[in-house]
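Q: The primary structure of each chain is shown beneath.
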Amino acid sequence: MSAPLLDIQGLNIAMRLARGGRLPIVNDLSLTLQAGDTVGIVGESGSGKSLLSLAVMGLLPPAAVVSGRILFEGRDLLSLDDDGMSEIRGRRIGMIFQEPMTALNPAMTVGDQIAEGLVRHEKLSWNAARDRAVELLDRVRIPDPKARASAYPHQMSGGQRQRVGIAIAVAMRPALMIADEPTTALDVTVQAEVLEILDDLCQRESMALMLISHDLGVIARMCARTLVLYAGRRMEEGATRAVLTGPLNPYTKGLLRAVPRRRADDGPLETIPGSVPGFARLPAGCVFSDRCLDVVAACQAGEPAWTSPLPGRGVRCIRAGEEVSA
Amino acid sequence: MTALLLRRSASLFLTLLAVSGLIFLVMQVLPGDPAAIMLGTSASADTLAALRQELGLDQPMLVRYLQWIGGLASGDLGTSITYGVPVAGLIGERLAVTLPLAFIAILLSVAIALPLGVLSAAKRNGPVDYIAGFVSQLFIAVPGFWVGLLLALVFAVKLGVMPSGGFPGWQAGFGPALQALVLPAIALALQQAGVLTRVTRSAVAEVLGEDFVRTARAKGLPKRVTLWRHAVRNALVPVVTILGLQFTFLIAGAVLIENVFNLPGLGRLAYQALTQRDLVVMQDVVMFFAGLVILVNFLVDMSYLILDPRLREASR
Ligand SMILES: Nc1ncnc2c1ncn2[C@@H]1O[C@H](COP(=O)(O)OP(=O)(O)OP(=O)(O)O)[C@@H](O)[C@H]1O
Ligand SMILES: [Mg+2]
Numbered sequence: 001m002s003a004p005l006l007d008i009q010g011l012n013i014a015m016r017l018a019r020g021g022r023l024p025i026v027n028d029l030s031l032t033l034q035a036g037d038t039v040g041i042v043g044e045s046g047s048g049k050s051l052l053s054l055a056v057m058g059l060l061p062p063a064a065v066v067s068g069r070i071l072f073e074g075r076d077l078l079s080l081d082d083d084g085m086s087e088i089r090g091r092r093i094g095m096i097f098q099e100p101m102t103a104l105n106p107a108m109t110v111g112d113q114i115a116e117g118l119v120r121h122e123k124l125s126w127n128a129a130r131d132r133a134v135e136l137l138d139r140v141r142i143p144d145p146k147a148r149a150s151a152y153p154h155q156m157s158g159g160q161r162q163r164v165g166i167a168i169a170v171a172m173r174p175a176l177m178i179a180d181e182p183t184t185a186l187d188v189t190v191q192a193e194v195l196e197i198l199d200d201l202c203q204r205e206s207m208a209l210m211l212i213s214h215d216l217g218v219i220a221r222m223c224a225r226t227l228v229l230y231a232g233r234r235m236e237e238g239a240t241r242a243v244l245t246g247p248l249n250p251y252t253k254g255l256l257r258a259v260p261r262r263r264a265d266d267g268p269l270e271t272i273p274g275s276v277p278g279f280a281r282l283p284a285g286c287v288f289s290d291r292c293l294d295v296v297a298a299c300q301a302g303e304p305a306w307t308s309p310l311p312g313r314g315v316r317c318i319r320a321g322e323e324v325s326a
Numbered sequence: 001m002t003a004l005l006l007r008r009s010a011s012l013f014l015t016l017l018a019v020s021g022l023i024f025l026v027m028q029v030l031p032g033d034p035a036a037i038m039l040g041t042s043a044s045a046d047t048l049a050a051l052r053q054e055l056g057l058d059q060p061m062l063v064r065y066l067q068w069i070g071g072l073a074s075g076d077l078g079t080s081i082t083y084g085v086p087v088a089g090l091i092g093e094r095l096a097v098t099l100p101l102a103f104i105a106i107l108l109s110v111a112i113a114l115p116l117g118v119l120s121a122a123k124r125n126g127p128v129d130y131i132a133g134f135v136s137q138l139f140i141a142v143p144g145f146w147v148g149l150l151l152a153l154v155f156a157v158k159l160g161v162m163p164s165g166g167f168p169g170w171q172a173g174f175g176p177a178l179q180a181l182v183l184p185a186i187a188l189a190l191q192q193a194g195v196l197t198r199v200t201r202s203a204v205a206e207v208l209g210e211d212f213v214r215t216a217r218a219k220g221l222p223k224r225v226t227l228w229r230h231a232v233r234n235a236l237v238p239v240v241t242i243l244g245l246q247f248t249f250l251i252a253g254a255v256l257i258e259n260v261f262n263l264p265g266l267g268r269l270a271y272q273a274l275t276q277r278d279l280v281v282m283q284d285v286v287m288f289f290a291g292l293v294i295l296v297n298f299l300v301d302m303s304y305l306i307l308d309p310r311l312r313e314a315s316r
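As they're listed, the protein sequences go chains W and S. In this text, residue positions in the first sequence follow UniProt numbering: the first is 1, and each later residue adds one. In this text, residue positions in the second sequence follow UniProt numbering: the first is 1, and each later residue adds one.
If you are wondering where the hints come from, they were derived from the structure by calculation, not from laboratory data. Careful: at least some of the hints might be erroneous.
As the list claims (entries may be wrong) - Here are the simulated DSSO-like pairs of lysine-lysine, each with C-alpha atoms no more than 30 angstroms apart in a straight line:
#1 W:Lys123 x W:Lys146
#2 S:Lys123 x S:Lys223
#3 S:Lys223 x W:Lys123
#4 W:Lys123 x S:Lys158
Unchecked claim - Computed, partial: chain S to chain W, Cβ under 8 angstroms:
#5 Arg7
#6 Ser9
#7 Gln28
#8 Asp76
#9 Asp211
#10 Pro222
#11 Lys223
#12 Arg224
#13 Arg233
#14 Pro309
Since we're looking at a predicted model, the values are computed, not measured. Where is the CB? At the ideal position from N, CA and C, for every residue including glycine.
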């Protein structure tokens with residue numbers, strides 16, 4: 001096997017608190033992507049998904065303290081300074097953000113916002129870059145791209161803006177695309193189209209995709225592999241089909257039960273009882289133990305280790321073995 | 001856009017009209033009969049009445065108001081009571097001092113405040129931010145005329161490198177004329193620069209927290225480019241707004257500073273007209289200042305349309 005495209009090893013992210021001290025958020029997270037891999041990252045709000053993606057981009061907030069290793073194309077991103085990171089951002093790693101309404105500069109035409117990265121990384125003239133921006137708008141299926149290139153973001157719909165966001169991110173054909181809830185803010189009808197555009201571009205450019213979402217349906221559609229996060233920890237990982245059809249971790253099962261079904265006769269929607277406890281008040285032992293339906297006394301004894309009870313699968317749960325043999 | 005321009009211009013005109021009425025009314029209630037002041041206390045009732053007629057003071061108020069604004073519209077601002085020359089020429093002459101003075105002061109305050117405010121915002125809580133914060137508080141706290149006196153004392157009296165006051169006129173050459181305006185312009189600019197630095201800092205700091213700045217960084221733009229092209233560009237509306245508001249204070253400051261430095265500008269003219277009860281000059285100068293302030297605010301309004309594309313449609 002060739003060297004992985006992205007190799008995250010033992011990543012920890014803590015937040016420096018205003019009143020002093022540090023609050024650990026992301027804990028001992030490891031994740032490997034080969035070129036062209038598609039990985040979905042799922043977890044409830046506050047589980048650290050965005051922090052993980054920002055850590056890869058080197059755009060964590062100043063209060064964040066990060067340790068571990070993020071190897072990308074063989075270089076340790078955490079040891080690069082901002083200039084070094086700027087060379088990689090946009091050019092080798094593209095990112096799409098959640099909020100199309102606020103993620104674009106209101107005082108700059110969308111064409112220029114796409115062209116900007118090309119001017120910076122490919123040393124194109126602004127005119128040449130603007131022509132490329134029109135092509136890119138066409139590729140994300142904006143009708144009449146030549147005219148729309150000189151539009152401002154407020155003159156576009158949410159779905160169109162998110163396509164502009166995609167055009168910005170794919171402009172330099174990065175090897176890795178990170179999409180942080182790219183469709184959460186969009187109407188359901190628009191979501192499908194945006195996902196299709198993203199999927200299409202990723203395949204055509206053979207980009208690896210790290211897709212963050214609450215929505216297991218989106219992940220099932222887009223990603224070959226899935227990583228389930230809870231309170232900054234890996235809970236479960238494996239091929240998407242395997243994880244969704246045979247979850248090993250009670251947390252993943254809870255997430256699956258909470259997915260709305262299309263059929264109307266399914267009865268009331270189930271939710272996981274309780275909510276993600278604050279990072280300052282995590283239970284002893286397994287961080288999910290206070291909400292887990294399958295909890296036993298041993299769960300509180302210590303944080304379960306990351307184990308691999310089946311080939312290609314990883315899970316953090318002391319009872320996962322029972323699940324496999326059952 | 002053209003419709004908007006027309007609408008704003010109409011409202012500009014109406015504002016000017018309303019202000020002219022207000023200024024006229026205030027002048028009417030000011031104590032002191034200009035004719036009596038011109039003639040002194042020993043004048044007889046007959047000569048007084050004759051002069052009042054000559055000045056048009058015996059006419060009804062409305063007639064006098066209409067005559068005044070009719071004159072303004074046609075460029076005839078009347079004749080100064082004390083100087084006996086047309087006020088239009090008087091204002092034009094004084095403008096050659098005040099306008100450059102104001103212009104240099106604004107330029108100076110922007111040249112100080114913009115980089116200082118932007119750098120403080122970019123390096124919040126760093127040494128530059130603390131120093132800029134201290135300096136701008138200092139600028140804000142110290143009155144301009146006092147700075148003027150201090151500057152004159154140091155650079156003119158002690159060091160003798162700058163003129164302490166007076167104005168040689170532009171006919172004396174660009175250099176000497178400019179030199180006479182430098183210290184007063186600094187005195188005028190510092191307080192404004194202090195306020196503008198604070199405003200710039202907070203405006204840029206706010207924009208730096210916006211999502212689109214992160215998008216720009218995610219493209220791989222270096223911090224410096226993100227700062228100026230994305231953050232500062234979007235922070236300009238509040239900065240220009242404050243700059244427009246400051247123009248009023250700049251005019252008020254010019255009256256003081258021109259007197260401190262003995263500059264023959266409009267502010268000094270206004271002050272002299274006030275002490276000499278030259279109602280004609282006073283009325284015209286105040287109207288001129290008011291017109292200037294209204295015009296500047298109109299331009300500020302218009303600049304929003306350039307600075308924020310969202311307003312172009314919203315205001316149609
Ligand atoms: N700038 C910050 N300062 C302090 N704490 C932060 C900051 N950003 C995130 N956190 C904390 O880190 C945790 C994880 O945040 P993150 O944004 O990564 O969650 P997420 O999984 O992306 O959630 P969501 O689905 O809501 O986007 C949250 O509990 C949040 O409180
Ligand atoms: Mg998030």
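Q: Take the hints in turn and mark each one as holding or not.
A: Evaluation of the provided hints:
no.: 1; hint: W:Lys123 x W:Lys146; in the structure: holds, 22 angstroms
no.: 2; hint: S:Lys123 x S:Lys223; in the structure: holds, 11 angstroms
no.: 3; hint: S:Lys223 x W:Lys123; in the structure: holds, 18 angstroms
no.: 4; hint: W:Lys123 x S:Lys158; in the structure: violated, 56 angstroms
no.: 5; hint: Arg7; in the structure: violated, 22 angstroms
no.: 6; hint: Ser9; in the structure: violated, 25 angstroms
no.: 7; hint: Gln28; in the structure: violated, 48 angstroms
no.: 8; hint: Asp76; in the structure: violated, 45 angstroms
no.: 9; hint: Asp211; in the structure: holds, 4 angstroms
no.: 10; hint: Pro222; in the structure: holds, 5 angstroms
no.: 11; hint: Lys223; in the structure: holds, 6 angstroms
no.: 12; hint: Arg224; in the structure: violated, 10 angstroms
no.: 13; hint: Arg233; in the structure: holds, 6 angstroms
no.: 14; hint: Pro309; in the structure: holds, 4 angstroms
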